[in-house]
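> Listed below are the residues making up each chain.
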Amino acid sequence: MTHGESEFQPSENESEAKATITIRRLDKIETTADSSGNSN
Amino acid sequence: MLRPRVKAEHRPHRYADGTVRIGGEIYGLAAEIDDPDGWVWAALSLMDGTLPVAQITSRLALAFRELSAAQAESLVAQLIASGYLEDAAAVPPPELSAREVDRYSRNHAFFRQVDLAPREHGWEAQLRLRNARVVVLGLGGTGSHAAWALAAAGVGRLHCVDPDVVEPSNLNRQVLYGEADIGRAKADVAVRRLRAVNSDVTITGERLRVGGQEELAELVSGADMLALCADEPRGHGLRVWANRACASAGIPWAGGGYSGPLVTVGVYEPGHPCYECVSAGERARRRPGTPVDLGGPGVIATSAGISGHLVAHAVITQLTGIPAIPPGRIGGLNLIAPDHLIDVRHPARDDCPVCGREATPPKPFGTGLTGPGP
Numbered sequence: 001m002t003h004g005e006s007e008f009q010p011s012e013n014e015s016e017a018k019a020t021i022t023i024r025r026l027d028k029i030e031t032t033a034d035s036s037g038n039s040n
Numbered sequence: 001m002l003r004p005r006v007k008a009e010h011r012p013h014r015y016a017d018g019t020v021r022i023g024g025e026i027y028g029l030a031a032e033i034d035d036p037d038g039w040v041w042a043a044l045s046l047m048d049g050t051l052p053v054a055q056i057t058s059r060l061a062l063a064f065r066e067l068s069a070a071q072a073e074s075l076v077a078q079l080i081a082s083g084y085l086e087d088a089a090a091v092p093p094p095e096l097s098a099r100e101v102d103r104y105s106r107n108h109a110f111f112r113q114v115d116l117a118p119r120e121h122g123w124e125a126q127l128r129l130r131n132a133r134v135v136v137l138g139l140g141g142t143g144s145h146a147a148w149a150l151a152a153a154g155v156g157r158l159h160c161v162d163p164d165v166v167e168p169s170n171l172n173r174q175v176l177y178g179e180a181d182i183g184r185a186k187a188d189v190a191v192r193r194l195r196a197v198n199s200d201v202t203i204t205g206e207r208l209r210v211g212g213q214e215e216l217a218e219l220v221s222g223a224d225m226l227a228l229c230a231d232e233p234r235g236h237g238l239r240v241w242a243n244r245a246c247a248s249a250g251i252p253w254a255g256g257g258y259s260g261p262l263v264t265v266g267v268y269e270p271g272h273p274c275y276e277c278v279s280a281g282e283r284a285r286r287r288p289g290t291p292v293d294l295g296g297p298g299v300i301a302t303s304a305g306i307s308g309h310l311v312a313h314a315v316i317t318q319l320t321g322i323p324a325i326p327p328g329r330i331g332g333l334n335l336i337a338p339d340h341l342i343d344v345r346h347p348a349r350d351d352c353p354v355c356g357r358e359a360t361p362p363k364p365f366g367t368g369l370t371g372p373g374p
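Here the protein sequences come in this chain order: A and B. The numbers in the first sequence follow our numbering, run straight up by one, and end at 40. The numbers in the second sequence follow our numbering, run straight up by one, and end at 374.
None of these hints come from the bench; they were simulated from the model. Among the hints, erroneous ones may be present.
[Said to hold, decoys possible] With a Cα cut of at most 16 Å, we get these calculated EDC-like pairs of lysine to aspartate or glutamate:
{"id": "1", "chain 1": "A", "residue 1": "28", "chain 2": "B", "residue 2": "25"}
{"id": "2", "chain 1": "B", "residue 1": "7", "chain 2": "B", "residue 2": "25"}
{"id": "3", "chain 1": "B", "residue 1": "7", "chain 2": "B", "residue 2": "66"}
{"id": "4", "chain 1": "A", "residue 1": "28", "chain 2": "B", "residue 2": "32"}
{"id": "5", "chain 1": "B", "residue 1": "7", "chain 2": "B", "residue 2": "73"}
{"id": "6", "chain 1": "B", "residue 1": "7", "chain 2": "B", "residue 2": "164"}
{"id": "7", "chain 1": "A", "residue 1": "28", "chain 2": "B", "residue 2": "48"}
Predicted model, so just to flag it, every value in this text is computed and none were measured.
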């Protein structure tokens, strides 16, 4: 294996990073605005 | 966090394509997580408050062979850091009595929902309020509602200031007074009424008409925040005094009111654009020669109530830091134009003596909790 090839091998850290999750906050248009459920 | 549990308000939902929705469907809270392998859903399902973190990660790693123990641990840590979880093992702090825990249980649930920062027990915001001292200046249409809300919410020390007596024309909107109070000093009646609302907080008051910046500075000395709800002296002058007095004291302030159907609140804090800069920015938008319209006497219970509650909520937000909304802005609504929501910001002017480059650096202010806002 050449040095160049090794750069494309996933390192242990990169492999671990596969467990990274992305929490995407919804935009206004993706949410509703009816708050009538609770009024007490 | 000992035993993580998804907050009840943020109960997750899994769509057919595997995407996980969490945080309900309110803008600022709701979020989605891509979860093609089902790891997130499985982790959230295990986070029901019955298992310690170590058991959750080990069960997750067992369920998914492709997931290493370290990856499972990382995934669980990321979910905990998201703020959608709470510690099922947490107990209220000893500073709060059982009566306070019961009284403020809905506050606790509110902060639990809107606060997306991991907390030890979720009562941090309530403790911030309990430890705070707030001056409410003006106990009329805006101030009476603001003072009531702050007392009910549990602000530990509230000082209520107004020079006037209750008049019949006040009763259409000023929530602390009744017919039997006509002719009595508003400050006295307000203190009595607020003590009856919440005897777990300290309410004081005085009958005073603030006559200048120095007097206002004396009034806010030792306070954590000023709620400016007075309209005399009329208009800009009193707000400039408040701006400068609070900047000198190193404390934030909120000022609210109404002009007919337009109801707004401004929130300012040292280190951010001050009232005089935000106000100058608005003046610059006005057509030259336009007289400043301070509005007539028209006000209804609802416009006064919204005004007072906007001020009170600004105070609560500022004191707790939940959510972390940058101050130096005016927000509000126009009751005759539902599509007109106000959110005005202007930069600090370089030559501003209060917040510009030449200004004396403000004292550090750190009463708010840290943590990401929505």
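> With reference to the structure, classify each hint as holding or not holding.
Each hint, compared with the structure:
1. 28(A) / 25(B): With Cα atoms ~10 Å apart, residue 28(A) and residue 25(B) stay inside 16 Å; holds.
2. 7(B) / 25(B): 14 Å, holds
3. 7(B) / 66(B): 28 Å, violated
4. 28(A) / 32(B): Roughly 13 Å separates the two Cα atoms, so the pair holds.
5. 7(B) / 73(B): Outside the cut-off at roughly 20 Å; violated.
6. 7(B) / 164(B): 46 Å, violated
7. 28(A) / 48(B): The hint is violated at about 29 Å.
Hint compliance for this structure: hints 3, 5, 6, 7 are not met, and every other hint is.
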